[in-house]
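A.B. asks: Chains as they are written, first to last, in the working numbering: chain A, 1 to 170; chain B, 1 to 154.
No wet-lab data here; the hints were simulated from the structure. Hints are supplied without guarantee of correctness; some may be wrong.
Here chain A is said to cover these stretches of chain B; the calculated rule only asks that three of the stretch's residues, wherever they fall, bring their Cβ under 8 angstroms from a Cβ of chain A [claimed, not checked]:
| id | stretch |
| --- | --- |
| 1 | 45-58 |
| 2 | 107-113 |
| 3 | 128-139 |
Which residues of chain B face chain A? A few of them, derived with a C-beta cut under 10 angstroms, are [stated by the list, open to error]:
| id | residue |
| --- | --- |
| 4 | V7 |
| 5 | I62 |
| 6 | P68 |
| 7 | K122 |
| 8 | P144 |
Reference listing, derived: stretches of chain A covered by chain B, where coverage requires no fewer than 3 residues with Cβ under 8 angstroms from a Cβ of chain B [claimed, not checked]:
| id | stretch |
| --- | --- |
| 9 | 4-17 |
| 10 | 52-65 |
| 11 | 116-123 |
| 12 | 157-165 |
In this text the structure is predicted, and so the values were computed from the model without any measurement. Backbone N, C-alpha and C fix where the C-beta goes; we use that ideal spot for every residue, glycine too.
These are the residues of each chain, in order.
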Amino acid sequence: MDISQFNPAIVYTIYIASTPEKVWQALTGAEFSRKYFSGNAVEVDLKIGGPFVVRQPDGSVHISGEVIECDPPRRLTVTFNVNWPALIEKLGPTLVTYEIEPAGDVVKLTLIQSHDRPISDDILSGGRSGWPAILSSLKSLLETGEALIIKMAPPQRMLEALKKMGIGTP
Amino acid sequence: MRKPEFVYVTYIETTPEKLWEALTSSEFSRRYWWGTKVLSNWTVGSPFALEWRGKVTDTGVIAEADPPRRLSYTWSNASEEFRNERPSRVTFVLEPYGKLVKLTLTHEDFEPGSKMLEGISKGWPAIMSSLKSMLESGQALDVPLASLKIEGVE
Chain A
1 MDISQFNPAI
11 VYTIYIASTP
21 EKVWQALTGA
31 EFSRKYFSGN
41 AVEVDLKIGG
51 PFVVRQPDGS
61 VHISGEVIEC
71 DPPRRLTVTF
81 NVNWPALIEK
91 LGPTLVTYEI
101 EPAGDVVKLT
111 LIQSHDRPIS
121 DDILSGGRSG
131 WPAILSSLKS
141 LLETGEALII
151 KMAPPQRMLE
161 ALKKMGIGTP
Chain B
1 MRKPEFVYVT
11 YIETTPEKLW
21 EALTSSEFSR
31 RYWWGTKVLS
41 NWTVGSPFAL
51 EWRGKVTDTG
61 VIAEADPPRR
71 LSYTWSNASE
81 EFRNERPSRV
91 TFVLEPYGKL
101 VKLTLTHEDF
111 EPGSKMLEGI
121 SKGWPAIMSS
131 LKSMLESGQA
141 LDVPLASLKI
151 EGVE
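Work out the full structure: start from the sequences and follow the hints.
C.D. replies: So, in structure tokens, the structure goes:
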């Protein structure tokens, strides 16, 4: 897949008192992700082209994609497509990159959500509200052993914008 | 295109009262903000200042203060480099969210191409991350200033 046409739409940086290896493990392991990502399990085969899936607590696949870049414990890029009818046809694929860098004794984690076309603020409101919740909880889990309980629902303005474009929503 | 602004949201396991205190107490701010003291009496119209390494680095005026929900101040950097930029504005909104607090920081009113915006976009994630750690684990983060790669800051 050629990712040169993708541009960052959302960038979120968070610093965590942890090691790059532990942050990598938390981002790529189902056991960890269930704790900080509302019960969702991240399942990924960590090689280029390997499948990437986010499975909901009921077992259904919510997000699917594949590994594009994989350089543990520094950089992971996956396609990150929510399985709503017609979403990928109308919006194109979504690309998610995690950058993990040491900053002194702590870790700088940068999340980048990229697209190959302009995406409206209404639709980006989903990622803009979701990523801070997910990554705040991941930080708490790694630092205190306890994830945060953050009840998240897709923003209304995003659901309305998707519906107008003929994209199926829950 | 979005207007030039920086928005950062973080969720913290604390109370709005404790978070308000952390945002307005120089004893707390020194711990999570590289030794920076926040100085004000936190009433609308009163002066605001940041003191770092014994010097006032930034000044402003309290624009809104509604404890423990909303705090806003104007912000001008005193250094030569930023002297010609108009004051920007920082707003904190604290919302209870179950047993957590959702903190939304908005830093706005920048001129197009502002160098200040570039610097604060690198600084705030580290400050907010450290604040969250301090409130949740009792231990602020030690992020080396140099690792932020802000021009002119070492």
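A.B. asks: Hint numbers the structure violates, sorted upward?
C.D. replies: Hints 1, 2, 5, 6, 10, 11 and 12 contradicted; others consistent.
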